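Visitor: Chains as they are written, first to last, in the numbering used here: chain A, 1 to 365; chain B, 1 to 365.
No copy is singled out in the list; a pair is fine if it fits within one copy or between any two copies.
As a list, the in silico DSSO-like pairs of lysine-lysine whose alpha-carbon atoms are at most 30 Å apart: (1) Lys52 - Lys201; (2) Lys17 - Lys83; (3) Lys249 - Lys36; (4) Lys20 - Lys249.
Calculated directly from the structure, the hints in this document are not laboratory data. Every value quoted in this text rests on a predicted model; they were computed, and no experiment measured them.
2 protein chains.
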Amino acid sequence: MKFAVVPEHIRDLQPYKAGKTLQEVLDVYKPERIAKLASNENRMGCSPAALKAAQDTFGQIMNYPDPSSRALRAEIAKMHGIKPENVIAGNGSEGVMSLITRTFFKDTDQALTAAGTFIGFWVLINSRGVKLVKVPLTQNYAFDLQALADAITEETRVVYLANPNNPTGTYFTKQEFEWFMTQVPEHVLVIMDEAYYEYAKDEPNYPDSMRYRMDNVITLRTFSKGYGLAGFRVGYGMAHEDLIGNLMKVKLPFEPGSPSQAAALAALRDTEFIERSVELVLRGKERLYAFLDKKGMNYVKSASNSVMMVFDNENDAAHFTDKMLERGVVLRHLPAFGIPEGVRITIGLEEDMTQFEWAFEQVVK
Amino acid sequence: MKFAVVPEHIRDLQPYKAGKTLQEVLDVYKPERIAKLASNENRMGCSPAALKAAQDTFGQIMNYPDPSSRALRAEIAKMHGIKPENVIAGNGSEGVMSLITRTFFKDTDQALTAAGTFIGFWVLINSRGVKLVKVPLTQNYAFDLQALADAITEETRVVYLANPNNPTGTYFTKQEFEWFMTQVPEHVLVIMDEAYYEYAKDEPNYPDSMRYRMDNVITLRTFSKGYGLAGFRVGYGMAHEDLIGNLMKVKLPFEPGSPSQAAALAALRDTEFIERSVELVLRGKERLYAFLDKKGMNYVKSASNSVMMVFDNENDAAHFTDKMLERGVVLRHLPAFGIPEGVRITIGLEEDMTQFEWAFEQVVK
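This is chain A alone, in the form it adopts within the complex (with noise of 0.2 Å):
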């Protein structure tokens, strides 16, 4: 016996998925290395103020964290020049989203989104219970705005573009982004995902999303990727404060933690770890690029802390990423992000990209 009553589109969901453990890696494959490069955090480590701000919090977690994440929140609406009362703080932007998908669907409403972006989008909705419109990706693995203009209905209420994509590290410019707000009606949540933003803003004609504070669109950050803050959970959103207000109606009251609203401040104010975090990253694409272009290997250019490459089909795509792991260099082939031929490398430390190469050259031949 069990309880029957789940209802269908929750039956139908998959269990998440986790890869082998690290520990799992050195039991099977016993390598002399691990380049952790699978999911996209910053091997740098995190700032170390961050860590001394969550441990003083140490002495109170007895106590429930602030509810409202004040300090967090004025520390992000100063960097932005806009209102606490615009900001929201969650368990990670996935959180946030969470959040979104909680307070501002009903069941006959839609989402709208690119066939090759971000999972975690589509298992919110796919949990929620709402349809879910899945546009496919250009031939050049990016957001295909013209597409995604067209596909709005009347049932849309939320289009989910991730700028920088992931996984595949593009990105849509300025003028791409303002046309094809043009085409958005007012009912329709805009979330622009920018997680990876620390990484793309230099980028020619990024379009911060800040700078338009449109009313229809949300902006999520994290500090999961360039701040290497991926264990404590920590992600904000910042819109116009009336959709903020609501967010914040259906938030549990006390996400995120207590050490994770701290260090999350902390990692804020050391401008000087993120700087260097994203210059590793710019350094370690550029030395990349030229070891796939001398191995006559196809990728994609990438704004974010990734690079894809791109293989002829599934099969070669899983051969590559299974001998890589029995080197010790941990992947991400993308079949569930729906890009069966696409393999993710994260950008990690020197010593990780030497690995990954000489690793290559063994199983590339």
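Given the coordinates of chain A, assemble chain B onto it according to the supplied hints.
Guide: Just chain B now, with coordinates in the frame of chain A:
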């Protein structure tokens, strides 16, 4: 202008209202000391081993947490003689409750609970947009299981029971629970919120819902109360593996965070700390009962770590709470919990209770 498309049930939600911060209390009333007795936190703090374990995760904080909290769930399972597949960890037990509301409801379903219980559940149901049916407490401020059983209909999907109840501290017995479950049809999921389990487990005839293993019951426990880890946001649910499996599909992959998982695991193993915490509360309750008896005050005997005083009316309760606050004693007046004549006092350290008595002598003449 603003984003106008907000469902009515979201518009109608009240934002979470935090009380004064401790800093605000200090600034306004300048008490010599604060007795923070408003949130049922553990005034003893937490296990040092928990903090050590949290800190040990800092070296890997740039990495995402274990998405399935393997180590923590295995330990919880071992404690209860169940499988890890019967356990889910979330952002506090409220986080697991939120998952339940996102997993098992259709729009036409209803939830059923008491009119004087944990606000968090009401907010979750209201934000999910399904109908919430509330049954008055008994005259003794206990769950009225007979009335709840009578109120179950075909539309009822979830019944929420807190045992002991928050904020009243009352509990229902094994016999009452067993009878109630005979009245619950299979299509109804019973949430047994046992956030105060550690304090209640030795009360006469207290029903530990884990001893029953019913397929339509989920038992919730938390690290925020007895374990003193409210700032870390960890709670867990235990149920049939099919039920847990569906919750796991809806859970954000990376909750709880890494330091939170580690702290909770270490806290579970520090049995000495939790025993001391429970003893402190037992002694503190006896002392408070004796004091209130001597003063001829009305209160409700409690199986949790707080005691509810009962005043003649809302005004008296509010006045008492305000006057105590001016003397640094922070209590919770309970209109939002549906009990406007009630004031909840967390059992604190001996010095907290001494300060309570000192302030009481000044306030009630």
